[in-house]
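Colleague: Residues per chain are reported as follows:
2 protein chains.
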Amino acid sequence: MGLAKTEMFTNEQNKISMFAKAFGHPARVAILQHLFKIDTCICGDLVSEIGLAQPTISQHLKELKNLGLIKGNVEGTSVCYCIDKDNWSSMKDIMAQFLDQDISSNSCC
Amino acid sequence: MGLAKTEMFTNEQNKISMFAKAFGHPARVAILQHLFKIDTCICGDLVSEIGLAQPTISQHLKELKNLGLIKGNVEGTSVCYCIDKDNWSSMKDIMAQFLDQDISSNSCC
DNA sequence: TTTATATATCGTAATATTGCAATGAAACAA
DNA sequence: TTGTTTCATTGCAATATTACGATATATAAA
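Protein sequences appear in the order of chains A and B. Anchor point for the first sequence: position 7 equals 131 in this note's numbering, and the numbering is continuous, going up by one each time. Anchor point for the second sequence: position 25 equals 149 in this note's numbering, and the numbering is continuous, going up by one each time.
Any given hint could turn out to be false.
Identical copies look the same in the list; a pair holds intra-copy or inter-copy alike.
Using 30 Å as the maximum straight-line C-alpha spacing, the simulated DSS-like pairs for lysine-lysine come out as follows [as the list claims (entries may be wrong)]:
(1) 145 / 189
(2) 129 / 161
(3) 145 / 161
(4) 129 / 216
(5) 139 / 195
(6) 216 / 195
(7) 216 / 186
(8) 189 / 209
(9) 186 / 139
Hints are computed from structural coordinates only; laboratory data are not their basis.
Take the sequences, apply the hints, and build the full model.
Modeller: Here it is as structure tokens:
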């Protein structure tokens, strides 16, 4: 089917999986890392930085933008991308809640 | 293509995306949350807990096991699953490094 | 041995993802 | 206007993912 049955899960579970899915491709991880590293807006040199074709990068950027993790400002013919800090922050809270679940000492396996 | 060009990315980027991909489905998030909540091994009540068919759950468990995030011990006719705490911990370190990147005050967009 | 129970695996259909060539659109330069 | 540059969109092929029925396997119970 290739189709997740999202209606069976909580909002939180669906949110976590949506963010995780966005990070589930190394190109998107690389894009985000680059945006953090550059630390200021970059204007579309991502194609040369990462080795994928321009339409491919554009598609990955679109996914990250749709999730709200990055913003894009048009500046002349180029577009200026950067991390959406507020949304990144709330994403981090949600992911942390999931990743930092208490691991008790009860061992069994 | 449906095939990520992993050879273009760093080991770290590939690792992050592999873990993230595992969390990229709400059923696997639910499975992991349940394993944390139960806090001790559960033996296959995941199928009733989550509303998916038994082969589907088994498939999700296999993915999590292949990544090392959970362990499964055979106990009679049933299998006892639990979080692999050591591996969960190192996964968390890797993910935290990615998620906690410094967000400077440089705003641009 | 036979039966029941629990889980894994196989096979397959439906859908999603990835990547890119070709093309479009928008702003600027000459 | 006519290029030129930059990025987005379209269309499509290759591959991956998700879900589950059918079946296999393995242990335990009767």
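Colleague: Determine for every hint whether it applies to the structure shown.
Modeller: Hint by hint, here is what the structure shows:
| no. | hint | verdict |
| --- | --- | --- |
| 1 | 145 / 189 | both (14 Å within a copy, 19 Å between copies) |
| 2 | 129 / 161 | between (37 Å within a copy, 22 Å between copies) |
| 3 | 145 / 161 | both (22 Å within a copy, 23 Å between copies) |
| 4 | 129 / 216 | both (24 Å within a copy, 27 Å between copies) |
| 5 | 139 / 195 | both (19 Å within a copy, 25 Å between copies) |
| 6 | 216 / 195 | both (17 Å within a copy, 27 Å between copies) |
| 7 | 216 / 186 | both (20 Å within a copy, 27 Å between copies) |
| 8 | 189 / 209 | within (12 Å within a copy, 34 Å between copies) |
| 9 | 186 / 139 | both (18 Å within a copy, 23 Å between copies) |
The earlier numbered hints are all upheld by this structure, with none contradicted.
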